[in-house]
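Visitor: Chains as they are written, first to last, in full-length UniProt numbering: chain R, 1 to 227; chain Y, 1 to 511.
No lab work stands behind these hints: they were computed from the structure. One should not assume that every hint holds.
Unchecked claim - Sample of chain R residues at the chain Y side, in silico, Cβ under 8 Å:
{"#": "1", "residue": "Arg27"}
{"#": "2", "residue": "Trp80"}
{"#": "3", "residue": "His127"}
Said to hold, decoys possible - Calculated pairs, BS3-like style, for lysine-lysine (alpha carbon to alpha carbon, straight line, at most 30 Å):
{"#": "4", "chain 1": "Y", "residue 1": "Lys285", "chain 2": "R", "residue 2": "Lys87"}
{"#": "5", "chain 1": "Y", "residue 1": "Lys321", "chain 2": "R", "residue 2": "Lys110"}
{"#": "6", "chain 1": "Y", "residue 1": "Lys248", "chain 2": "R", "residue 2": "Lys122"}
{"#": "7", "chain 1": "Y", "residue 1": "Lys383", "chain 2": "R", "residue 2": "Lys87"}
All C-beta atoms, glycine included, are put in the ideal place defined by N, C-alpha and C.
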Amino acid sequence: MGDDHQQVPGGAQLHRNTLSRPVRTFRVKMVLLGSSGVGKSSLALRFVKDEFRNTSPTVGCAYLTRVVHLNHATLRFEIWDTAGQEKYHSVTPLYYRGAHAALLVYDISKRETFIRAQVWLKELQTHYIPGSTVIWLVGNKGDLEEVRQVSAQEGQNLADEKGLLFTETSALSGEQISELLLDVAHRVYECIGAQQGGLSEWQETPFVHMHHRNTSNPLASCCKVGP
Amino acid sequence: MSQRTERRGIHVDQSDLLCKKGCGYYGNAAWQGLCSKCWREEYQRVRQKQIQDDWALAEKLQREEEAAYASSHGAQTQSHPQSSAPQPHPGHASMGPFSKFEEKKTNEKTRKVTTVKKFFSPSSRTAPKKETQEGKTPSPSISRHASFETDQVTKDFVDFLKNLQKPGREIHKQCRAFIVNMSSKKDLSADELSECVQDFYQNMADRLMSHFKGSSESVEQVMDQVEKYIMTRLYKSVFCPETTDDEKKDLATQKRIRALHWVTIQMLCVSMDEEIPEVSENVVKAITDVIEMDSKRVPRDKLRCITSCSKHIFSAIRITKNEPASADDFLPALIYIVLKANPPRLQSNIQYITRFCNPSRLMTGEDGYYFTNLCCAAAFIEKLDAQSLNLSPEEFERYMSGQASPRFNSSEVDWSQTGPAPPVTNPVLAQLNHNLELLSGLSSRQETLMEAAQSLQADLLSWPEGVQREVNNILEKYPLEILPREVSAIDANNMDNDNLPPPLTPQVFAG
Chain R
1 MGDDHQQVPG
11 GAQLHRNTLS
21 RPVRTFRVKM
31 VLLGSSGVGK
41 SSLALRFVKD
51 EFRNTSPTVG
61 CAYLTRVVHL
71 NHATLRFEIW
81 DTAGQEKYHS
91 VTPLYYRGAH
101 AALLVYDISK
111 RETFIRAQVW
121 LKELQTHYIP
131 GSTVIWLVGN
141 KGDLEEVRQV
151 SAQEGQNLAD
161 EKGLLFTETS
171 ALSGEQISEL
181 LLDVAHRVYE
191 CIGAQQGGLS
201 EWQETPFVHM
211 HHRNTSNPLA
221 SCCKVGP
Chain Y
1 MSQRTERRGI
11 HVDQSDLLCK
21 KGCGYYGNAA
31 WQGLCSKCWR
41 EEYQRVRQKQ
51 IQDDWALAEK
61 LQREEEAAYA
71 SSHGAQTQSH
81 PQSSAPQPHP
91 GHASMGPFSK
101 FEEKKTNEKT
111 RKVTTVKKFF
121 SPSSRTAPKK
131 ETQEGKTPSP
141 SISRHASFET
151 DQVTKDFVDF
161 LKNLQKPGRE
171 IHKQCRAFIV
181 NMSSKKDLSA
191 DELSECVQDF
201 YQNMADRLMS
211 HFKGSSESVE
221 QVMDQVEKYI
231 MTRLYKSVFC
241 PETTDDEKKD
251 LATQKRIRAL
261 HWVTIQMLCV
271 SMDEEIPEVS
281 ENVVKAITDV
291 IEMDSKRVPR
301 DKLRCITSCS
311 KHIFSAIRIT
321 KNEPASADDF
331 LPALIYIVLK
341 ANPPRLQSNI
351 QYITRFCNPS
361 RLMTGEDGYY
371 FTNLCCAAAF
381 IEKLDAQSLN
391 LSPEEFERYM
401 SGQASPRFNS
411 SEVDWSQTGP
421 APPVTNPVLA
431 QLNHNLELLS
441 GLSSRQETLM
451 EAAQSLQADL
461 LSWPEGVQRE
471 VNNILEKYPL
481 EILPREVSAI
491 DANNMDNDNL
501 PPPLTPQVFA
511 G
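All chains, full assembly: derive it from the sequences and hints.
Guide: As structure tokens, then:
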């Protein structure tokens, strides 16, 4: 179902020596919102899967980091998972305080999660000045086509109406996951990175360095780097 | 009465009535047969001796005690900085070998040292000198312990800045000036204080940034040290300041958590199985960490406690579920931990961190994430109601008012609504429940036994009656007929004689 979203630059090339270039690294706070069981955690795990291959097994997937390299900058995504149970709804605003990106996740096979996503959206928009947070509507579990309750068109319509971006993904198969992260990264960099002081800089610790050298992830290559 | 008169009769002898000392006056039985004058003398003498004996004993005891103190004193002086804080009376235990006079003198000295210290407090150059004084006077009170910690931080800070050479001195000067400046602003509101500190951080960071030509790593390092130094110094005046109602909130939260003592792990839907020893170990560690937060002074150290607590929770969930914990699992677990721990001054600590921590650490970063979760947990506990525990409002009210407890499920609490089994929160409770079950089993067996015994008793009581009845019946049926007995004398009325052969008659045989 990802046909409607082909923004990934074609000329992506893999490069491992990004860190040798003096590229500024920014920290990006990305919050995952959505009902319980829509696959937020799986999505987060998918985002960072490549990075964790070489480290000790993670005990939690509530807070994860992932480095994404763009043309002119490196973004260090800090992915904040949130508790989706309805009873914690009232405390959720604490999570998205200061977030640069918010992924609004729903399950395409459960209509009520789509409705809840709209409730969340309303709240997000009352708390945020447009432009300070990139809000992305994500229809997850794209692999459950046969029990689909929310059509892709409905999702797209809602996104258009509210001025959001929209993607359908599958955390199970990994479809559209890396594309989504890259799109978010671009969007965040364009919208917020351009503003003065929109993003704070992150000094990479040796740990991250080491990490990155050992893994050659295709995501690091979204943008072609000329010599 | 009669006895007395009798005795009087006996005591009529004059010599018996006179004083035993032979002074010629009359004696009295109440004075052991002495006259009043001799009795007084005798009494005084005995008392004097008693007093002297007491003194001697007291002195002996004191010597022994002093000897004991002196032997323990050696060990104490070595470890005094650690063991000093909880001593309620400064210089008592460690004062053993000194006389009272010396103790008094040392107390005066202590007082002087603190005033001197106060006078010089913004200056760190005196730090090493104070260090030696600290060693000489082993009489630390709580405040002195605190200043020891402050000195240590000052020393570390100076050592750290030495590596930076010239800018280091500049940084130190500014920090000192800032602290002096802050001490004159005690009556500001908490938000204004926070603003001052944050402004200072910002200015310092900007200046450092230009000095280090944008190497944010060095800037962060220096800023961490600056934060540590400044906040250790300012802690007393800005933690839970009197101008705020933080303390009231702390008490309210504490009361609230106490009232919620009955909340079980099942009600919060926490996926931690405390019956697994490793899990319960992690739970205990998490509780310890979140309680420890209150003892730290620097916001970053407090954050570290929260992070460590969170890591333990993740381990506990991971062991229980055998898969990485998501936020859906984590937040309820953290709420549970906070409810179990009831961390001291929770609201004050959250406020303090929010006001005086480097803001970039709170909004982003791992520490920031866990801190946000703790804030969520605190907010959730404040708003917690029946619905958030999947209880009916009536049940919630009953538990809150203490009329019922989910732990001791009596038969009238209908468990069909809340869960199928009584919730078991930890191994000890499980054992307790098990024992209770055993006991109730025993008591029911006892009851049946008692019933059986009673019925046996009833049976026993009715048995003789039954037998009696039966006997009576039989007696009735076959009444006893006492037939007149014919007393037959052998030789009387030999009625049958006729049938008997004739008696043998002796025959004489001629022979």
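Visitor: Determine for every hint whether it applies to the structure shown.
Guide: The hints, checked one at a time:
no.: 1; hint: Arg27; verdict: holds, 5 Å
no.: 2; hint: Trp80; verdict: holds, 6 Å
no.: 3; hint: His127; verdict: violated, 14 Å
no.: 4; hint: Lys285(Y) - Lys87(R); verdict: holds, 27 Å
no.: 5; hint: Lys321(Y) - Lys110(R); verdict: holds, 25 Å
no.: 6; hint: Lys248(Y) - Lys122(R); verdict: violated, 34 Å
no.: 7; hint: Lys383(Y) - Lys87(R); verdict: holds, 10 Å
Checked against the numbered hints given earlier, this structure breaks hints 3 and 6; the rest are met.
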